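S.K.: Here is what each chain is made of, one letter per residue.
Protein chains: 4
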Amino acid sequence: MEPLNVWDYERLAAERLSVGAHGYYAGGADDEVTLRDNVEAFRRWRLRPRMLVDVATCTTATTVLGHDVSMPLLVAPVAFQRVAHPDGEVAMALAAKAAGTIMCLSTLSTSTPAEIAATEAPRWFQLYVFRDEGMTRDLIAQARSGGFGALVLTIDAPTRGNRERDVRTAFAIPEDLRIAAFGRGGMTPQQVFDEVSPSLTWHDLERLCSESGLPLLVKGVLTAEDAKLACEHGAHGVVVSNHGGRQLDGVSATIDVLEEVVEAVDGRIEVLVDGGVRRGTDVVKALALGARAVLAGRAPLWGLAVDGEAGARRVLELLRREILSALQLVGCSSPADVTRDRVTRAPAAR
Amino acid sequence: MEPLNVWDYERLAAERLSVGAHGYYAGGADDEVTLRDNVEAFRRWRLRPRMLVDVATCTTATTVLGHDVSMPLLVAPVAFQRVAHPDGEVAMALAAKAAGTIMCLSTLSTSTPAEIAATEAPRWFQLYVFRDEGMTRDLIAQARSGGFGALVLTIDAPTRGNRERDVRTAFAIPEDLRIAAFGRGGMTPQQVFDEVSPSLTWHDLERLCSESGLPLLVKGVLTAEDAKLACEHGAHGVVVSNHGGRQLDGVSATIDVLEEVVEAVDGRIEVLVDGGVRRGTDVVKALALGARAVLAGRAPLWGLAVDGEAGARRVLELLRREILSALQLVGCSSPADVTRDRVTRAPAAR
Amino acid sequence: MEPLNVWDYERLAAERLSVGAHGYYAGGADDEVTLRDNVEAFRRWRLRPRMLVDVATCTTATTVLGHDVSMPLLVAPVAFQRVAHPDGEVAMALAAKAAGTIMCLSTLSTSTPAEIAATEAPRWFQLYVFRDEGMTRDLIAQARSGGFGALVLTIDAPTRGNRERDVRTAFAIPEDLRIAAFGRGGMTPQQVFDEVSPSLTWHDLERLCSESGLPLLVKGVLTAEDAKLACEHGAHGVVVSNHGGRQLDGVSATIDVLEEVVEAVDGRIEVLVDGGVRRGTDVVKALALGARAVLAGRAPLWGLAVDGEAGARRVLELLRREILSALQLVGCSSPADVTRDRVTRAPAAR
Amino acid sequence: MEPLNVWDYERLAAERLSVGAHGYYAGGADDEVTLRDNVEAFRRWRLRPRMLVDVATCTTATTVLGHDVSMPLLVAPVAFQRVAHPDGEVAMALAAKAAGTIMCLSTLSTSTPAEIAATEAPRWFQLYVFRDEGMTRDLIAQARSGGFGALVLTIDAPTRGNRERDVRTAFAIPEDLRIAAFGRGGMTPQQVFDEVSPSLTWHDLERLCSESGLPLLVKGVLTAEDAKLACEHGAHGVVVSNHGGRQLDGVSATIDVLEEVVEAVDGRIEVLVDGGVRRGTDVVKALALGARAVLAGRAPLWGLAVDGEAGARRVLELLRREILSALQLVGCSSPADVTRDRVTRAPAAR
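As they're listed, the protein sequences go chains A, B, C and D.
Heads up, the first sequence is in this note's numbering, so the first residue is 1 and it goes up one at a time.
Heads up, the second sequence is in this note's numbering, so the first residue is 1 and it goes up one at a time.
Heads up, the third sequence is in this note's numbering, so the first residue is 1 and it goes up one at a time.
Heads up, the fourth sequence is in this note's numbering, so the first residue is 1 and it goes up one at a time.
Isolated chain A, as found in the complex:
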């Protein structure tokens, strides 16, 4: 039977992928408390639907940093996508294009920015700042010349999270997969990470924002304090993210700190969120708490793993349909209609 939802794709992908590859994508840091909490936390929020609103012309379309998207869900940057499927990031970009949304390309992509540009998919570029400044400058230049619409700077990785699944499976990126940022392969994810700068500061961010020539979002904000600093240092947006539970275990689920960040930003820049999105109702909850849109990483990746571009496209389409249905049932005609009163904390367990 055809998979009906993201959970189905998750199960199928677990069957298709090698234990090592599956663990690499599915796993998190340490005891995976935050990994699980990202998903479970959505269940601690309850929707408050309004009735007798005319939703006959409901649309999921919105804009993010001024870019039109078919829905408030973007494809999050995921590293090494050819490990999941031979067509890798190119297939994902084509799926995003077909779905009318933005593909965020990882610095640790197995396709070059130019290859993604050739798909003509709406595209953003996720950036790691490396110890070697030239390498960073080169990446930004590639993003600019490849027509990427924004940079998404990952700021939560001064060191790599402790992902024990990868150690247990002795997972390494296959030798034949080229890493665009390095022009070479055969490295473990850990070796790649060792090149990421642990010294980046808000001052450096400010310089990046002014020099890169591209709108810049910072990904990895989990506190009101950092949200304010992002605004003050020139970021064009923040992504509330805990790196999918892969960096510091024991931090909050992203949906649980979204409101704190939204209040601190106070409308100055756009707030996005990633982590744990599995259903259209998750997206509507994030909108109600103030997100402009969500980024989904594992969900379309499972689609890619199961059936290449078609699988990723199907997952995105499933999510778009779920978002549409959730908007109608919550009594909203568009993402902009989803106000704060549409969501409330669930009562504590008894």
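Hints are computed from structural coordinates only; laboratory data are not their basis.
This structure is a prediction, so every number in the text was calculated from the model and none was measured.
Virtual Cβ for every residue (Gly too), placed ideally from N, Cα, C.
Among these hints, one or two may not hold up.
[To be verified] Among chain A residues calculated to face chain B with C-beta under 8 Å, some are:
no. : residue
1   : L4
2   : R43
3   : V330
[What the hints assert, rightly or not] Sample of chain B residues lacking proximity to chain A, with all beta carbon distances greater than 10 Å (derived):
no. : residue
4   : T59
5   : Q142
6   : E195
7   : S210
8   : R268
9   : D341
[Claimed, not checked] Over 10 Å on every C-beta distance to chain D, these chain C residues come out as not near it, computed from the model:
no. : residue
10  : T59
11  : E317
12  : R350
Position chains B, C and D against the provided structure of chain A, taking the given hints into account.
M.R.: Below, chains B, C and D alone, put in the same frame as chain A:
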């Protein structure tokens, strides 16, 4: 052994029904979080019984919208009841009549309003407003001529909830079952729902209230805001309902929002509630939180599935006896005695 | 291996007793939510031990209604004890005597008050008020002539709780067991309960208090309101009790409402509590929340079932030793030292 | 495969040790509620990481009572370590020395203070005060002459906790293991404990502090009240501890009362904490709540049991690396940077 409670009937019905039919009745939307929460939420409330009250003459009888009922529990509208048992809605109406309570007939009934009228059961008519206005007018005319005492307008279904159990079992209403509202059969529930209007507004409700010539309750209110609008637009009652967890997954359990609605209504009209009722103590908790009565759908349906009219009657009688016992043990001589202080939140789990 | 704690006795008793007899003692009303919650609720409270207190001369002895007891734990009234062991209530009384505490004899005892009096155990008499006033008067006369030190009036049973285990096992009190209150046997517990008056009021209680010639405690108080009424109508003590979860399912665990009752009583009379006591630390928590003592029913009954008088005595001795140890470790030299600050709510689960 | 974390060592140790020895170390008092809660409570706190802090030169080094340590984690006193491994406390001391941290030697050590002194490991001495004052004086003299840097006085053991695992396995310290404090072997832990004084008071503590000639920490403080008394009576530090859940079951997890103690101490002396530490993030949470450092008992003991000195060293090194990583990811360059805002309560479960 004879079934002792609603859970027993639930288990037996699961054995008797086909997987598809059982899934259709038992299932909910998406991940069924709200479906489960409707039941579990009652356990987050604790009764506060008062002692040394003379309860020798305790009665469960009350009135709902001025109609006498033997107990504060009505039969909720459930679609396509001949799928559960060949005698369908007629058997359910006879069971309600025997139990001294009101049968709410679904628009999506497999018996006509006239057939239900012939049972002489106390009866209300659940209404969907369709895209085709003539169809809606015709339904109201049938309800009026059939002596139905009130209309129960379902307002939480501008689109159909995502019920994956039905997709997995490829469930369809059997060809030979006529749908009263359409005069034809062989449709999937989804096809029927596609005819429901997604454009209904509070303005339309106001017109319905004044034109229908019948008292009208709106079913599907989950917020104080909508409860106030219902009062202001002429509804004679509201039913706090999430459609048995079958429409928007992730909304609150009905018992958890009942008080918010009751406070917003502030005594202007009557408030009923459905969802998750399995025990007499559930009913007493709802009364304490301000409900005039509850509607039970699945509970009597399991009785119908197990043993036709006799099964439904037995479930209603079991519930009536449990309500009586709960009233006595909580120190009340009638439903009207169940004041707000008889219930309190359970302490949070530790 | 010799049983080490109450849980061990509970398991052994489940092995020794018939399914029907075990279910009768172990079971509760409806879904047994309150039955389980009585035990679990103790885990929602945390002890706050104080250090460097000289506890070399620690004692568990205290007084209840002026009677000396070796520990703040009495034997709760449990019906039909010969169903658990041929030696029944007489063995239990001898165990209580050996342990230096009070035996509360149930009205529904399978031994007469006179037989218990012959044991010379410290003794109280649990009273049901029956529809037949003469029968009630006769019971009080038996209690008085038998030298019972107090009456414990059960007020939470105007009708019998719905105990489905007994129906499923078709449990009945064996024909050959005489019920002291009726002078005859062969009745089901339900038949006995049908004779209990559902009409008793606080006015009747006041009359009982003045006419009985014995101190009177009311057992079954779960609210501040009823606690105040008990004080105002002449009761000498209240027992916070939900009848071991056997009457109205869905009421609070007793330990969770103890403080509300203690505050309402405000020192005017003594407050006892029963329900869910399995460890010495449970007793210390109850003392900290203001109880004068606890009553334990099932715990010594499991001892009786396993090994007659010796088993009940061993359970009481285990509990006494656990109370002593808990007092020392919480930094108290006697029950009177256990102040409110020795206990606090556990943090909510996350 | 090489063990990756403390959980791995815990599992391996359970395989290596006899049931009795394992139960002795792993077990707790009564129902082990506090034992489990010590671990689980860390999950009720969430880290709040700050981004774009330069953490290139991050260090785990700190000081405790003025002593330099390589990390804010000390080896807690654990009794009878030769039961876990033939090399016992000497191996543990060498592991602590290699890891650059302090070994706390138990009074109930199977090596003499002099043997530990010979390792030249940084060392503190855990002290029980015995009924026999001469014995206590002798222990202090041994600690002083052995160059131990501080005394850690255990104050939560006026009587021994009820550890049923030891009774069920009939666990006794092997005859051939000499207990330093007694100069003899073949005693059960219970027999040793019977010699501990139940009469110690804050007055006695004050005398010990002035007479011992060594800095003195009191271990076992769980309340603000006792924390203040410790400050007022001359203690140089407090250890928030519930004896690893081995004394009074039902007390709070230590991490849950740490802040209460820190606030009461108000900077006058240093606060340490033990109980439930399994991950570097646990340590960072404790630092954020005001601890100067944590003590880990079972974690290095599992290492000792698995592989002697090398195993204990490896566990300490794993924890040091995890602490380093957690510091970097939470945006701190040293333990001193971990301020209160880096941790917050997790939302209650729903």
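S.K.: State for each hint whether it applies.
M.R.: Against the structure, the hints come out as follows:
1. L4: Holds: closest Cβ of chain B sits about 5 Å from L4 of chain A, inside 8 Å.
2. R43: It holds, given that the least Cβ distance between R43 of chain A and chain B is near 6 Å, below 8 Å.
3. V330: Since chain B brings a Cβ to about 6 Å from V330 of chain A, closer than 8 Å, the hint holds.
4. T59: holds, 31 Å
5. Q142: Non-interface label on Q142 of chain B holds, nearest chain A Cβ at 23 Å vs cutoff 10 Å.
6. E195: Answer for E195 of chain B: holds, closest chain A Cβ roughly 13 Å.
7. S210: holds, 16 Å
8. R268: holds, 18 Å
9. D341: Per Cβ check, D341 of chain B is outside 10 Å of chain A; nearest 19 Å; holds.
10. T59: holds, 13 Å
11. E317: Given a closest Cβ separation of 14 Å, the condition holds.
12. R350: violated, 4 Å
Violation of the numbered hints given earlier is confined to hint 12; every other hint is satisfied by the structure.
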